[in-house]
Each structure stands twice: as C-alpha cells, then as structure tokens.
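**Q** Make a model of the complete structure from these sequences and hints.
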Amino acid sequence: MEQNAHGAHTHYDAEASKIGMWLFISTELLLFGGLFIVYSIYRYLNADAFHLAGEELNITIGAINTVLLLVSSMTIAMSTSTLQLKKKGATLGLLAVTIIIGLVFLVNKYFEWGTKFEHGIFPGSEHMLNEFSQGEILFFGLYFVMTGLHALHIIVGLIVILFAVVRIQKGTVHENRAALLENAGLYWHLVDLIWIFLFPLFYLIH
Amino acid sequence: MSEEKHHIVPYRVYVFVLLALLALTFASIGITSIELGEFTVAAALIFACVKTFLVLTYFMHLKYDKKYIVAMVIFVFAIFFAVIVITFLDYLYR
Amino acid sequence: MQKENVANVANYLTYKGKHKGLLGWVLSTDHKRIGLLYLYSIMTMFSVGVLLGLAMKFELLAPGKTIMEAQTYNATFTVHGVIMIFMVVIPGLPAVFGNFLLPIMIGAKDVAFPKLNLLSWWLYVAGVFLVLSAVIFGKGAPDTGWTFYAPYSFKTGTNLLPAIFGAFILGFSSILTGLNFLVTIHRMRCPGMKWSKLPLFVWTLYGTAWIQLLATPVVGITLVLVALERMFGVGVFDPALGGDPILYQHLFWIYSHPAVYIMILPAMGAISEIIPTFSQKMIFGYKAIIASTMAIAFVGYLVWGHHMFTAGMSGTAQYYFSLLTFIVAIPSAIKVFNWISTMYKGSINVQTPLYWAVSFIFVFLIGGLSGLVLGSLAANVHLHDTAFVVAHFHYIVFGGTGFAFFAAAHYWFPKIYGRMYDKGWANAGWLIFFIGFLALYTPMFYLGIMGMPRRYYDYLDDFHGGNILSTFGSWIMVTGLVIIIINLIRSARKGPAAEINPWRGKTLEWTVSSPPSLENFDEIPVIAEDDGPYNYK
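Residue numbers (our numbering), protein chains in the order written: chain A, 1 to 206; chain B, 207 to 300; chain C, 301 to 837.
By construction, these hints were calculated from the structure, which means they are not laboratory data. Because the structure is a prediction, the values reported are computed rather than measured. Keep in mind that the hints are not guaranteed to be accurate.
Computed cross-link-like contacts, DSSO-like style, restricted to lysine-lysine with a CA-CA straight-line distance of at most 30 Å [to be verified]:
(1) A:86 - B:273
(2) C:494 - A:18
(3) B:269 - C:494
**A** Structure follows, in structure tokens:
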C-alpha cells in the first residue's frame, strides 16, 4: 500500500476508486438504514395494522420486480468480466440489457404507484385519513418514501451506467481502466441489496 | 500492488448465484404465505440476509477483495445493527 | 489538474493556472486553495453567527424586551445554531486545516479525489445560500431551534424548507470531505509512512471521517422525512397520524451526538500536534491517543440518547445511555493526561499557539466534566434545557473546537501564508478573548443551576446579575476576537517572511517551503524506519 504515491500527474488508482465507492455505499446504507429504523419501530408498534396494510400490495408485481433486479444485477456483474476479457461488444450488450431491465422496473413501479393513487392511497389523501387506521397510514407513508427513494436510486444508477456505456464506447474505459464500470456495478448492486430488504418488508410480511 | 490484475470471475459463477437468489426469493414468498405467526418476519429477514450475503460476496466481489475492505463492510453492517438494537432498548421497555 | 513540471516555479498562493484571479481559486482543485476557500467562507459565516450571538446576549442584558421581540429571539437562536453548528464547527477544522495539511502530513501531493474536494466546497456554499434564503425570504426566519424538533418543525409557519434542504446539502458536503480523507489516508501515504507513524492530527481526521460518513446520512434522511412531512403529510413523525416525535429525536441525535465528536476530535488532534512541538518532546502515549481517538469515535456513535433523558424514553434506555456517556468520558480524559504528561519536563517554548492549547485543555476539562453532570440521570432532570446546558456545550463546542481552531490557526499560519503574525497582538487577543469567554459562559452554569431555562428572551429578576456579567463577557470576548482576526489578516498581507520551520516541529509540513509549492513536495519523501512524527532528541 505504500508504493503508490509516485506519479500524481497521471494518477489512476483503481483501489482508491473502489474503496471510495464502498465508502459511498456505506453512506447510502446508513441513509436507508435510517428509514429501516423508522420502519422497524413502527412495525413493532403497529404490528396488526402493518399486517393488514401489507395485504393491499400486489405480491406478483413485487416478485416480478425482484426477479428483474436480480437478473440485472447478474448482467452488470457479467459485464465486468467481459470487459476484462476485452469483449467490448458483449460488455455493451450486457449493459444495454441492464439498462432496459432498470427501465422496465421503473415502468412497473409507475403502474403500481398509479393504481394506489387511483384507490386514493397516497400521503395526505382524504380517503386514507377517513378509512385507514394510524398504523396503515404509517405503512403507506413509509411505503411511498422508501420505494420512492429506491426508485430515485435506480434512476441515478441508470445514469451512472449510461456514463459507463459512453466511456466504454469511446474506449476510455477498458480492461486496464475499469474503475467506472466496476463502481457503476457496485452502485447497481447496492440498489439491488436495498430492494432485497424492501420486498419482504412491504410485500411479504402479512 | 496497483498492477495487480482483477480476478476475472467466470460467467457460470454469476449464473449459479442468480439461480440461488431466484430460488431464495421464491422460497421466501412461499414460506411467508404459510401462517407462521411471529416467525414470518424472522423467516423473511433470514432469507433476505442470505441473499444479501450472496450479492455482497459474489456480485460485489468481496470474496476477491482485500480483507480490509471486507472488514469495513462488516463494520458498517455491525454498527447499523447496534444502532437498531439500541433504539429498541427504548421502545421495547417503554 | 493543472500542474507545472518545473518545481518551485511559484508557491500555491501565487501560482497562475488556467483561470485567473478569483476563478483561479473557486475552480482550483488544489487542496491548499480549497482549504483557504473553506477558511474564508467559514470565517464569514462565523462572523454572522457571532453577530447573532451578540444580539441575543444584548437582548438578555435586562429582563423583558430589550431590543427584540420573542419571535425574533426564537429566530435568532435558531439561525445562530444552524450557522454555528452546520457551517462553522462541523466543517471547521477538518475542512480548513484537514484539507490544507492532511496531504502534506502524509507526504502526498493532493487528496485522493481533488475534483470531489472542490465539489464539497461548492456544496457547502450552496447549502449556506439555501439556509440564508430561508432567513431572508418567505414568512419569517426558522424558529424551531437548530434541532428542528418534530412536530413543531412541520407545524410552524416560518420558512423552514430551505433551511432543512440547506442542512441536508451541508451534510452531503461533509460526507464527501470525509470520504475523500478516508481514501487519501488509506491510499496516498508516502513510502515508510506506516499507520503507526501517522501524525495524530491525521489519526483524528481518520476517526472523524468515519463518523461523517456513517452518521451524517441518518440526519440527512431524517431531514428529508421532515420536509416530506411538511409538503405531503406522510405521517412519519406526526402524532396525529400515529407517528412518534420521540423517534425523530432518536434519529436526529444518532447524527447530532456523533457530530459533537466530528467537532472535537480534529480539535484534539490539533492540540496533540501543538503540545509536543512547543514542549520539544515526544508525545506521551502516542498509541494511547490513537486508541482513545478511535474509542471516542466508536462509543460516541452509540450514546445519542443522553440528549433525550426527559423526553419520555424507557428507563432501560436511560440507564444504558447514561452508562455509555460516562464510559465515553474515559478516552477524553486519557488524552488530557497525555497532553499534560507531554508537557511535564519538556523544554517548553511559550508561544501563542501554546497559550491557546493550554487554555483549550482548561475549558475542555470544565466542558467535559459538566457534561458528566448532565449525563447523570438525576441531575439531568433538574438541568435539562436550562442555561447550564448552553454553558456546557459552549465550553465544549466553542471552548473546545473554537480554541483549538485558533490554536491551529496560529500554529500553522506561518506555513499557510509564509508570513509571521505579530506575536504581541496575538497574545493580547488571546488573553482578552479568554477572559471574555470565561465571563460570558461561566455565569450560565450558575444561572442554569438556579433554574433559568434556555431559549427564552426574558427571565426572572433573580437572574439579572448573572446575565449582566455574561453580556459584558460577550463584549470582552468579541474585542479579543476582533484583535485576533485583524492581526491575522494584516500579517497575512504584510507580516515578515516566516521560516520553513519556525516552531521546530517534526511533522512533514515543516519540511516543505512556506508557503508550500503547488505540489507540496519536489520529491515524495521517504520515512526512515527510525523516524517518526514526534522524534525530538
């Protein structure tokens, strides 16, 4: 670790970028961690209401989205291998698949939220205030905040991947300078990780 | 050290991991549809933790990374866990 | 990055890159210039905060309305708090001296991500303007206190949203600085600079950076929740919708207690540099100081609940938080013993930085011990939300971080500007400031014990004497402050040229020219096996 300080001019340190990204992921984990704390406390305080409210969510859509994210995680992970093997075409193809899957996830999410809004389930709605118990209001409040923040991360992740695609195309990201792609991958897996917890906590616990 | 090449992970590892993740997903859907009472949450979370472990180890390459990065990740998860436990010290005994 | 190949063409202050004039500064990715950008912006905000503080003290000169209405007073202490906490003491030492010195101290040419470093500063500026916009525009300045406690923070009609987003962005800036430092320390150390040879200031920055990284996002998401609550009524902290306001306090203090350690750890680091230099002696217990730094960072992360003893927590949680609060005092005490033992039998060179450092130890001791009074459950019930608390945290945050900031400023000033300040004026400024500080905050301990609550623009006649003394103290302290700052500004422009190593320090920054060249080192230094940061013969 001591021998890498020389040559600050053309400084490229893949390991520095990697731990930089891991540290950023730690920050993101704690960001969502705050929400998970809120969720777990309120679930503990309103177990029955959360149980009831969870049944309003459509497991099938949730499961489809889970599968989508897992597959996209695999494709982007594979793309880091193909890049190392100097298969540029395959790398770009895998990334394209990842982006498309991410977009499909967002479309799914859009329709899922849309149906909720149609049924009058959104923060501050009259319907919720009149019909729902406090626990259910909390459940849906957290549902919208957490899946919303997650969707925001999907969008950011897609932009980062898009950057990687452009740079691979231009040839400035290649097997010896793979940090951008590696980091895009790490970020995308983080998004996946968070969903791995969101899915059971909102859809399955009923 | 910086010259050290990446460990190139074979595709089949990724495929196996994905299959395992999918299997765990469906298993968790299955098990939570059974009425387990209080254990539903625990079951769902255990499956989620195993999936997280797989993603961290293989997709995020922790298996092939230096030990201190692994230590950092474990530390972050541990401290988050500690914070949750301490917060519950309040709510459990109110 | 613009870099010249010929070394020593110009130092970092006079260097001309792609951009000229002011642009050459605000677009510079040089860690030293960014450090100074932070210095100037932080000192600007500090002045605003001081003026607000003076206004509050003036209001408290006499019972009843003196110069402002109750609502104005509420807004004043809120904005004073937000500015001083989020814009001055949290970035204070890490962003200014950390940025300037960290790479030099570990023998590197810059931080790991110079552009990200510049982005941090820009985010800081953006956050500052957002918060200030909340003060200037809309229906009145925020009046919630800097803690933004729920449920009032989404009930108040004042213009709170920009302040919340501003604090969020300031937090983001802080996270990026921390991230940058962590990677820099891990990856950029020069050959031979082992972990066991890092200067203590670097070690404290390392601990601080971890807290910045792991605690700040929690308050970030909490502030987002409050903002969403205000905009959409999500219900998360609203008791009318089933939310629990105490949960807000938990989340807020999960960050804001560690934030105290973000403020104080680098301060301790700076003191740990100054004391051995002016004692010309190896620091006593180098490893003990490192261990206590990391212990403070770690345990300090888990004690947040002692801000909430009277909020309605469970008894179990209260015992736990009280116990850990006492435990976290141990490593702080270890440091104090180390500093004093370092001075013992040293060949002490009495200079301005040492005055600041020694007075730091004094006020920090009082601040820390009064913290233990607050950390004990029984005393807390009586003292919670009284002037005692105000006195305690000003002794820590201002007396601790502020004194260390000025100690660091006077210690590294010749290195930063390549000029020496007028020592006579500097010492006079310190003495007046110190006397003013004691007169300003010490009466508040007494007032608090007598039962004077904090955050009121009015008080009972019984408290008049103490408040008069306190207000007079604020005037004395500001006189000292003005002397110090004018002296430093004048010396930065016209002072006599400084030597490379005026204090005979042993850390790497004293081996480079004053002011340092653009790339710090002509050649990356190599640390020999028997060399170390505090090897005084």
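**Q** Mind checking the alpha carbons of residue 269 (chain B) and residue 494 (chain C) for me, to see if they're no more than 30 Å apart?
**A** holds, 26 Å
**Q** Residue 494 (chain C) and residue 18 (chain A): Cα distance at most 30 Å?
**A** The hint holds at about 21 Å.
**Q** Would you check the hint for residue 86 (chain A) and residue 273 (chain B), treating anything up to 30 Å between C-alpha atoms as holding?
**A** It holds: about 28 Å lies between the C-alpha atoms, which stays within 30 Å.
In this structure, every one of the numbered hints holds.
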